[in-house]
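Input sequences plus hints: build the corresponding full structure.
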Amino acid sequence: MKMYESDDKMISLIRDNYDLLQMLGSFGISLGFGDKTVEETCADNHVDTYTFLAVVNFSINGYSDALVDDKLSVPTLMHYLQASHVWYLEFQLPFIRRELEESLNQDDSLGKLILSFYDEYAHEIRRHMHYEQRVLFPYVESLLDGKPTGDYNIETFSRHHGQADKKLRELKLLIIKYLPHDGFHNNKLMAALHDIYANEEWLHQHALVEDNIFVPAIRRLEHIKKQSDVTRNITDMVFKNATSQNNETLSEREVDVIVALVQGMANKEIADHLCISVNTVITHRRNIARKLQIHSPAGLTIYAIVNGLVDISAVKL
165 MKMYESDDKM ISLIRDNYDL LQMLGSFGIS LGFGDKTVEE TCADNHVDTY TFLAVVNFSI
225 NGYSDALVDD KLSVPTLMHY LQASHVWYLE FQLPFIRREL EESLNQDDSL GKLILSFYDE
285 YAHEIRRHMH YEQRVLFPYV ESLLDGKPTG DYNIETFSRH HGQADKKLRE LKLLIIKYLP
345 HDGFHNNKLM AALHDIYANE EWLHQHALVE DNIFVPAIRR LEHIKKQSDV TRNITDMVFK
405 NATSQNNETL SEREVDVIVA LVQGMANKEI ADHLCISVNT VITHRRNIAR KLQIHSPAGL
465 TIYAIVNGLV DISAVKL
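Numbering (the working numbering), first residue to last: 165 to 481.
A few of these clues could be false.
What the hints assert, rightly or not - Derived lysine-lysine pairs resembling DSSO-like cross-links, with alpha carbons at most 27 Å apart: (1) K336 to K352; (2) K389 to K235; (3) K166 to K200; (4) K311 to K389; (5) K352 to K276; (6) K390 to K235; (7) K432 to K455; (8) K200 to K235; (9) K311 to K235; (10) K276 to K336; (11) K330 to K341; (12) K200 to K276; (13) K390 to K311; (14) K341 to K276; (15) K331 to K311; (16) K341 to K352; (17) K166 to K235; (18) K331 to K341; (19) K352 to K330; (20) K173 to K200; (21) K311 to K276; (22) K173 to K235.
Claimed, not checked - Simulated DEER-style distance windows between Cβ atoms: (23) V442 to G472: 40 to 50 Å; (24) R323 to L253: 22 to 32 Å; (25) V470 to H387: 17 to 27 Å.
Calculated directly from the structure, the hints in this document are not laboratory data. Model, not experiment: these values are computed from the prediction. Note that beta-carbon positions come from the ideal geometry of N, C-alpha and C, so glycine has one too.
Next comes the structure, spelled out in structure tokens:
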């Protein structure tokens, strides 16, 4: 097991793991990088190095430290997954079908059945990937933009994230068990079968990256947005209370009391600070609560920050 790092040579990754070549293309990394490091190559191709290495190391070793932190670039992951879909749907699926066409006798009913079976499998894969393009990725883009996302969430995707691998397994068995051919066609069929096996592994790895890297990253995004929504709701409540029927203007002294309160002063400290009596402080606090309809220190703190009465750095948390 080797965990690759940013200062490793990119050529070393490919020399050790030639099956990463397709991954490079999906990340948008071009060949011809010479002896540059991973970091240099990623920078040249505008790819987030940390995210690239997370996917590479996970694909090779099945584990990466990056899976549990928030440094992953979701836009980079999105680009990688979308480009992988394009490669598989527009190149790999048609390529294997052409291989099967050349190796099967299409005048034979069994050959036609094999092609039909493959087409059903390809349709199922397209349906799944088109769903991600149509529903999942726009949802994630809305999260990144801070826009409303409706009732959809990543758990909805995760619960229904299956693979069309049963049809592929049946297809391989049919070819292996029931399609004897002459030497020439047999060699072609062997080559097609080898590519089917390789693609099955690629699809499995693709699904693991989605489940173990992409889905957790989106969960973190959802958590951040949920926290942001809670803060926004509290702020809206403060403004609503501040502009309610009791919308009386605060006096300068009442503002001074609020500032002292959010800085953590007790009534006696406020009285000494403002050179007034404790009873006067209590009266000011009662008037503030009546005018703003805010009774808790936390609510007054939010009010003071939102209205620019104090800087957040001056607040005693």
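We went through each hint and held it up to the structure:
1. Our distance criterion of 27 Å between C-alpha atoms is met by K336 and K352, whose separation comes to about 14 Å.
2. Pair hint K389 plus K235 holds up; C-alpha atoms about 17 Å apart against a cutoff of 27 Å.
3. With a CA separation close to 19 Å, the supplied pair K166 and K200 stays within the 27 Å bound.
4. Pair hint K311 plus K389 holds up; C-alpha atoms about 10 Å apart against a cutoff of 27 Å.
5. Restraint check: the Cα-Cα separation between K352 and K276 comes to about 17 Å, which is no more than 27 Å; the hinted pair holds.
6. For the hint pairing K390 with K235, the CA-to-CA distance comes to about 19 Å; that is within 27 Å, so the pair holds.
7. This hinted pair checks out: K432 and K455 have alpha carbons roughly 23 Å apart, not beyond 27 Å.
8. At most 27 Å may separate the alpha-carbon atoms for a hinted pair to count; K200 and K235 meet this at roughly 23 Å.
9. Between K311 and K235 the CA atoms are separated by roughly 22 Å; this keeps the pair inside 27 Å, and the hint holds.
10. The suggested pairing of K276 with K336 holds, with an alpha-carbon distance near 15 Å, which does not exceed 27 Å.
11. Simply put, K330 and K341 have alpha-carbon atoms about 17 Å apart, close enough for the 27 Å limit, and the pair holds.
12. Our distance criterion of 27 Å between C-alpha atoms is broken by K200 and K276, whose separation comes to about 49 Å.
13. Distance check on the hinted pair: K390 and K311 sit about 12 Å apart at the alpha-carbon level, within 27 Å; holds.
14. As the CA atoms of K341 and K276 are separated by approximately 16 Å, the hinted pair is consistent with the 27 Å bound.
15. Proximity of K331 to K311 is assessed by CA-CA distance (about 39 Å); at most 27 Å being required, the pair is judged violated.
16. The suggested pairing of K341 with K352 holds, with an alpha-carbon distance near 16 Å, which does not exceed 27 Å.
17. Pair hint K166 plus K235 holds up; C-alpha atoms about 21 Å apart against a cutoff of 27 Å.
18. Distance restraint check for K331 and K341: the Cα-Cα separation of roughly 15 Å lies within the 27 Å cut-off, and the hinted pair is therefore satisfied.
19. The straight-line distance between the Cα atoms of K352 and K330 is roughly 23 Å, inside the 27 Å bound, and the hint therefore holds.
20. Distance check on the hinted pair: K173 and K200 sit about 6 Å apart at the alpha-carbon level, within 27 Å; holds.
21. The suggested pairing of K311 with K276 is violated, with an alpha-carbon distance near 49 Å, which exceeds 27 Å.
22. At most 27 Å may separate the alpha-carbon atoms for a hinted pair to count; K173 and K235 meet this at roughly 22 Å.
23. Taking the beta carbon of each, V442 and G472 are about 28 Å apart, not inside 40 to 50 Å as hinted.
24. About 24 Å separates the C-beta atoms of R323 and L253, a value consistent with the hinted range of 22 to 32 Å.
25. Taking 17 to 27 Å as the suggested C-beta distance range, the pair V470 and H387 conforms, at roughly 23 Å.
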